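Start from the sequences, fold in the hints, and give me the full structure.
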Amino acid sequence: MTEPVVVTGIGVISPLNPEGDTERFWTAIRVGEEGVLPVRSFDASSYPCKVAAEIPRDMLGAGGGGGAVMQMARIAFRRAIADADLTGKVDPKRTGLVLGTVLGGVVSGDRYLRGGALQDEEMKSLLRRYPMRAIAASLASSARIGGPVLTVSTACASGTDAIGIAFRKIRNGDLDAVVAGGVDAVSEFSFSGFSALNALTLSKVRPFSRNRSGIALGEGAAFLVLERENNAIARGACILGRIAGYGSALDATHLTAPHRDGRGLSSAITSAIRETGVEPDRIDYVNAHGTGTLYNDWMETRALRASLGPHAGAVPVSSIKAVLGHAFGAAGAMEAAVCLLAIRDGVVPPTANFEEADPGCDIDCVPNRERSVPVRVALSVSAGFGGQNGALVLAAR
Amino acid sequence: MSGPVSILGVGAVFIRERNTEEEKSLEHRLSSAGEALEKAGKRIRLFHRVEEFAFLAAWDALKESGIGVPLQDSRAGIVLGVDEGIDGIRARHSIALRDEGPGGVSPISFPFTSHNAVTAQVSIGLDIQGESFTYCMGSLSGAAALGAAKGMLLEGRASMVLAGGATSIEREFLEGMRLAGLPNAGAERGGACLLLLGFPGAEYARGGGLTELIGYGVGFGEDSERSAVGACLSDAGVSFQDIRRVWRATTDVSPSWEEWRKGETGPAIRTSSFADMHSASFPLAVAEAIGEAGRGSGRIVLIVGGDCLAGSAAALVKA
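So the sequences go chain by chain: A and B.
Residue 145 is where the first sequence starts when you use our numbering, and the numbers rise one by one after that.
Residue 133 is where the second sequence starts when you use our numbering, and the numbers rise one by one after that.
These are calculated hints, taken from the structure and not from any lab test.
Source: prediction; values computed, not measured.
Virtual Cβ for every residue (Gly too), placed ideally from N, Cα, C.
Watch out, some of these pointers could steer you wrong.
Pairs of lysine to aspartate or glutamate, DMTMM-like flavour, derived with a Cα cap of 25 Å [claimed, not checked]:
| # | chain 1 | residue 1 | chain 2 | residue 2 |
| --- | --- | --- | --- | --- |
| 1 | A | 268 | B | 307 |
| 2 | A | 194 | B | 232 |
| 3 | A | 268 | B | 304 |
| 4 | A | 237 | B | 355 |
| 5 | A | 268 | B | 408 |
| 6 | A | 237 | B | 287 |
Far from chain A, some chain B residues (derived; all Cβ distances over 12 Å) [as the list claims (entries may be wrong)]:
| # | residue |
| --- | --- |
| 7 | 154 |
| 8 | 168 |
| 9 | 405 |
| 10 | 408 |
Below, the structure is given as structure tokens:
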């Protein structure tokens, strides 16, 4: 027995909508508003790269404590629950939470180790925020969730995998509703690491563009409320779309570099599409992982060619990381939200900052301008360190 | 999705104290496994202790099942619970940045500050190309991995799954625990336990399948342990009276445990000797429980664990 799974709520906070307004987020994505700006959350003067996509810390407020990453998660989580009008409408024991994060509370641990002389209470507070599972525990407690509360960390596929795991729990009849998504924050911890790997752009993020120069770090949080369709209908919820399929696969080749032919990503996409029961040429839009690195862009193009066949050259494919940077654990969840909004409005967002076609990326990457296209079925893909790949198929109801 | 899955192989590795015979034996076993892998045409380069524990446990689980490596199986999956095991790596990254600035940060070790690097290293070494997840849930990390692996098999999304937990409790973690008000967090230690889960009738199973993971359940919030055990019993379709023994897998078991089972004609309770192994504790307790019950005995054992933040989990094993 498989249960149809629908989405009834979206909550997003990003550098483009620091107040957490989803419509503001979508408008900014559609016009290609630049979110990658000079770094503000720490002193980046000693790094070659000086840009990242950040949410001004003063806009996060201090309510509830827990630091920036906790605040981002809390804002997006509450927005999603409010959007779905979920409170008091579902059985807490049959409601779960799946959070994807790569860094979790690492900022707190980093501050504890590098913060100089700290008061005892401040030190204890930082250590309490550090555990990866602390964010999910706090969110679930605040919403009185009584079902499974999971924290998954699969590098840059974490947000996608969190939604995929949630999808399966409802589809199999284990749960009625799951709030699923991801969160991560920019910190000098990760910035220094990616800088050491020479992965950071010195200018703009240009996915699929021949003159690409690397990634920019980004941050934020996004959550979707997934529900059993019958439950959502019975309680009169507004249905934003369906999760129709999900796939995950490993490259098993290298810790940081993707498989050159996109073997794992292709396998994840094929598996997700197969689950939907539709042919690959029914995909109307692909939200790419699109980091703006040479190996990712080429690998992703090959994976789309292998899994979609000739349709890969015709379907619009865009990357929102051009303007949002790479929000790691939050990225896949933000991109799934974008797919649902594209389905709702019949508009696919652009790949901003595109300048020069790359023969290695022979796809329609929707350069610089949004496009009106009826979207019934969208594919959202993620790939990450460790050869981790995930794919979600989202569809109109 | 309910139903049993077979435990085709078990690999367990642990070190209770540094610089002991246990540690020397680990080095020897790692070296032998590396040589055998190289003969099979694969090389593996491990950088940190937590990877070594995970790889060796995976190697032993496959060896016990009789399955050759590398797997080269696009439907073989891996699910690991990894959490505090990379705290030392993360701390050393922060300390390098503090003491030497951006130039002190190592591009080699940075990727290992991500939890799924441990899972990835095992997948690369053994050529596991199917689904993969890494759960970070403190003392329930390994339990979450077992539950996820069971689901993957029952949904038909994997032909076999290596699942369990790995940890390496290092100086930095212990120092953090001390400052957080937990001075008795023990010595530096670590380990891993991975189970190879699959189906008994599958062509790859060589004599395995006598032991089964028959139920799994979780709970969160108030009365999470009762919820987890209830869900687990329901998943397996057995009653509390069918259970031969209960194992407490973690140190963090809620006080309500003794309370709620009052009046039940329940089994004897034992605490696992690996209850302080955090992410690896639950699967290590499963292995210990199977060993004590005797493989092929048909005895049903319940393993229960808790974590102050992640809730509770329970698993039922038919030995």
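Evaluated hints:
no. : hint          : in the structure
1   : A:268 / B:307 : holds, 12 Å
2   : A:194 / B:232 : holds, 19 Å
3   : A:268 / B:304 : holds, 15 Å
4   : A:237 / B:355 : holds, 11 Å
5   : A:268 / B:408 : holds, 22 Å
6   : A:237 / B:287 : holds, 22 Å
7   : 154           : holds, 28 Å
8   : 168           : holds, 18 Å
9   : 405           : holds, 25 Å
10  : 408           : holds, 17 Å
Of the numbered hints given earlier, the model fails none.
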